[in-house]
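Each chain is listed here by its residues.
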Amino acid sequence: MIKLVNLSMNYQGKQVLENINLEIATGETMVIIGPSGSGKSTLLRLIVGLVRPTSGEIWIDGQEISQLKEAELNQIRLRMGMVFQYSALFDSMSVGENVAFGLRQHTSMSEAEIAKVVSRKLRMVGLFGKENIMPNELSGGMKKRVSLARAIAVNPQIVLYDEPTAGLDPIMSGKIDRLITSTRRIMGVTSVVVTHHMSSAFSIADRIAMIYGGRIIELGTVDEFRQSQDPIVQQFIHGTKTPGLLARRRTKTEC
Amino acid sequence: MLVAYLEKIGRGMIALLENCGRIVLLLSDPEPFKRRPNMNHVLHQMAHLGVDSLPIVLLTILFTGMVMTVQISHEFIKYGAQSSVGGVIAIAMGRELAPVLTGVVVAGRVGAAITAEIGSMKVTEQIDALRVMAISPIAYLVVPRLIACMMMLPLLVVFADVIGTIGGYLVATLYSGIGSFTFLQSIKVFTVVNDVTGGLVKAVVFGAIIALVGCYKGLNAPAGAEGVGKATTGSVVASIILIFVSNYFLSLMLYR
Ligand SMILES: Nc1ncnc2c1ncn2[C@@H]1O[C@H](COP(=O)(O)OP(=O)(O)O)[C@@H](O)[C@H]1O
Ligand SMILES: [Mg+2]
Chain A
0 MIKLVNLSMN
10 YQGKQVLENI
20 NLEIATGETM
30 VIIGPSGSGK
40 STLLRLIVGL
50 VRPTSGEIWI
60 DGQEISQLKE
70 AELNQIRLRM
80 GMVFQYSALF
90 DSMSVGENVA
100 FGLRQHTSMS
110 EAEIAKVVSR
120 KLRMVGLFGK
130 ENIMPNELSG
140 GMKKRVSLAR
150 AIAVNPQIVL
160 YDEPTAGLDP
170 IMSGKIDRLI
180 TSTRRIMGVT
190 SVVVTHHMSS
200 AFSIADRIAM
210 IYGGRIIELG
220 TVDEFRQSQD
230 PIVQQFIHGT
240 KTPGLLARRR
250 TKTEC
Chain B
0 MLVAYLEKIG
10 RGMIALLENC
20 GRIVLLLSDP
30 EPFKRRPNMN
40 HVLHQMAHLG
50 VDSLPIVLLT
60 ILFTGMVMTV
70 QISHEFIKYG
80 AQSSVGGVIA
90 IAMGRELAPV
100 LTGVVVAGRV
110 GAAITAEIGS
120 MKVTEQIDAL
130 RVMAISPIAY
140 LVVPRLIACM
150 MMLPLLVVFA
160 DVIGTIGGYL
170 VATLYSGIGS
180 FTFLQSIKVF
190 TVVNDVTGGL
200 VKAVVFGAII
210 ALVGCYKGLN
220 APAGAEGVGK
230 ATTGSVVASI
240 ILIFVSNYFL
250 SLMLYR
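Taken in sequence, the protein lines are chains A and B. All the letters of the first sequence, read from the start, carry residue numbers 0 to 254 under numbering that gives the first Met the number 0. All the letters of the second sequence, read from the start, carry residue numbers 0 to 255 under numbering that gives the first Met the number 0.
Only chain B is shown next, with the shape it has when bound in the complex:
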């Protein structure tokens, strides 16, 4: 029983690592990256991706900021530490919550969309058609999406930082009875620039993960319509796992 279960976990881990390896292989041929990417495509992808995800990112982070503040201020006020609440919320937002949650939400929306789009191109032989027409699918499909994700995710995280902190501010002042001045002052005292920029660095990495995993899963979608569905689910699961794992190591590196 237990052995079988461990074996299952082990197999999952091996599959995940194998996927990582293949994704790195996706990047091994430098040729497609040398050519100047089509800026039109990049901009198109950025608009598509940003506009698509902004509302759901804002909603997710707003409520996360609010519920965090409910819990934290409740506990902190008990110990007379209400003057720390603002800072704690802002730091948690900037360093962890905004980048990770934005990454997860975007993985669910954009990562899935990328895999579905490229996967259906794969199973209808459109990828082969590109190659026969002497176009590298990596240069034409992957590079613009990679650039777009790496640029848009930090932008989304900036919005998320702001809206999350605003959510915290509203709950702190209107519900928990912490003064507006106390909240803002505590943000000023506690936070440093790195709390935000570190989160943005993470966002760039998460953007790359989402785009690469999304494209990889799409380009390798098994034949048939159910193949695309499977690839899409697989893409979201793999991106989210990779985001959480890499987030841990990024935190170790960025916030020593």
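The following block holds chain A by itself, in its conformation from the complex:
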């Protein structure tokens, strides 16, 4: 379980997150939406301890991590995987080495066992047999999938996704959405997904949280979200302030 209590973050005096309270249950898929620059990535970076909050608490499975030393944090990070917005693959290593990296560093598995796990994870993301390709030969969508395979190689209990579908075509986006869902189903992971795409959010989320101006302005299930009366939420879902506006405008110009 992930629990954020009164979490605030500012960078050199610039307030990015303000009093965030959020609880994410084990096995749940929480989608975070919000305009760019609203602090979504910052929220993920706080959860993995890449940055420290200005104030507030971050609880991961009953342990408060915001004041932990890097070495102690590393113990907790072993249970987490993260898919970065631009994949962040190690570009000096092949696809196979990227996926194997965590296993080589943290387990005493033999090379044969590692190769088996790598092959299985690559199959899961639809990249079976692509071990020897270098990251710079991959398309954006393939990089994202390798990044996911790397994140789940060590069987984490929590997987964080930073805009996994940004910059991808709709077909690839759909594929990634299904991967997120199947990863959750197969491995039972808790997922936190930051996204811009409302269609993604609606298809994968158990609950959605919307961040705006550093605060969570709406939190609820997909249905609750669709029916939200908040004009900002409506604008984000439909691209306009009120759902009917676009249609009305269109009929006007047609007259």
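Calculated directly from the structure, the hints in this document are not laboratory data. Predicted model only: the values in this text are computed from it and were never measured. Please note: incorrect hints may appear among the correct ones.
Said to hold, decoys possible - Think about it this way: if two alpha-carbon atoms lie no more than 30 Å apart in a straight line, the pair counts; the simulated DSS-like pairs of lysine-lysine are:
id: 1; chain 1: B; residue 1: K33; chain 2: A; residue 2: K68
id: 2; chain 1: A; residue 1: K13; chain 2: B; residue 2: K229
id: 3; chain 1: A; residue 1: K13; chain 2: B; residue 2: K77
id: 4; chain 1: B; residue 1: K33; chain 2: A; residue 2: K142
id: 5; chain 1: A; residue 1: K142; chain 2: A; residue 2: K115
id: 6; chain 1: B; residue 1: K7; chain 2: B; residue 2: K77
id: 7; chain 1: A; residue 1: K68; chain 2: A; residue 2: K115
id: 8; chain 1: B; residue 1: K187; chain 2: B; residue 2: K7
id: 9; chain 1: A; residue 1: K174; chain 2: A; residue 2: K68
id: 10; chain 1: A; residue 1: K13; chain 2: A; residue 2: K2
id: 11; chain 1: A; residue 1: K174; chain 2: A; residue 2: K142
id: 12; chain 1: A; residue 1: K174; chain 2: A; residue 2: K115
Stated by the list, open to error - Not close to chain B: a few residues of chain A, all C-beta gaps over 12 Å, as computed:
id: 13; residue: K2
id: 14; residue: N18
id: 15; residue: G55
id: 16; residue: E136
id: 17; residue: G238
Idealized CB from N, CA, C, for every residue including glycine.
Model the placement of chain B with the ligands on the given structure of chain A, informed by the hints.
Using the frame of chain A, we list chain B with the ligands on its own:
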């Protein structure tokens, strides 16, 4: 005018000292240094670094030894001191020229390469990915490079000592008309072991400076591709300045 200029120098000095402080902070957490470094990485870095730099180091020092000998023998012969030329060249090489010039050349090549590599890892979030995967970037990236630089620089300086003196020997015998025996004998008479070992001690320090500044600048590269470029230039400039400054104090300590 003058005040503004002095202010600019002052600001530069403060920035440099601030950087030094932060580099020391880089070392403040002893945790990553306790773990046994990955020898594979160290060896890889050593090969990379040594092979990359050897030709340009040799070329630089060879010509420095040669031009030094042209100037020195010209002046010394005027005063009938040609029997000192070999010794002076060898001492200058061993104590100052070989370590400092090797340091400068390696700072330009290896220091820049380290910053560019780590800096591009930083701006593409690969450093963050390492940390999320519970790997200390200090242990994984900095320590192997630090060890490799501290071991390879003295090795390069040994080559530099030899090639610099050979350059001097060639010019002295073929151009300046100093006898081969006179040149070699003067080296024997003037130099002591410390002339070489002191230079090697300096080389170890310079190696540490190059690796630490290179890694530090890379790990703190500002976002964007131009950030990496800026960090790389900054890394070379800072290492070279630190090499010259520390060289002065090392000379005071080593050659009293
Ligand atoms: N390391 C940092 N230093 C200073 N400001 C930052 C840093 N990271 C993010 N910010 C600022 O924090 C705000 C939120 O950034 P981010 O969390 O990346 O937003 P999002 O992912 O929602 O687009 C932005 O205005 C950004 O400029
Ligand atoms: Mg972001």
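So, going through the hints one by one against the coordinates:
{"no.": "1", "hint": "B/K33 - A/K68", "verdict": "holds, 16 Å"}
{"no.": "2", "hint": "A/K13 - B/K229", "verdict": "holds, 25 Å"}
{"no.": "3", "hint": "A/K13 - B/K77", "verdict": "violated, 70 Å"}
{"no.": "4", "hint": "B/K33 - A/K142", "verdict": "violated, 34 Å"}
{"no.": "5", "hint": "A/K142 - A/K115", "verdict": "holds, 20 Å"}
{"no.": "6", "hint": "B/K7 - B/K77", "verdict": "violated, 45 Å"}
{"no.": "7", "hint": "A/K68 - A/K115", "verdict": "violated, 34 Å"}
{"no.": "8", "hint": "B/K187 - B/K7", "verdict": "violated, 48 Å"}
{"no.": "9", "hint": "A/K174 - A/K68", "verdict": "violated, 38 Å"}
{"no.": "10", "hint": "A/K13 - A/K2", "verdict": "holds, 24 Å"}
{"no.": "11", "hint": "A/K174 - A/K142", "verdict": "holds, 13 Å"}
{"no.": "12", "hint": "A/K174 - A/K115", "verdict": "holds, 24 Å"}
{"no.": "13", "hint": "K2", "verdict": "holds, 20 Å"}
{"no.": "14", "hint": "N18", "verdict": "holds, 25 Å"}
{"no.": "15", "hint": "G55", "verdict": "holds, 21 Å"}
{"no.": "16", "hint": "E136", "verdict": "holds, 16 Å"}
{"no.": "17", "hint": "G238", "verdict": "holds, 29 Å"}
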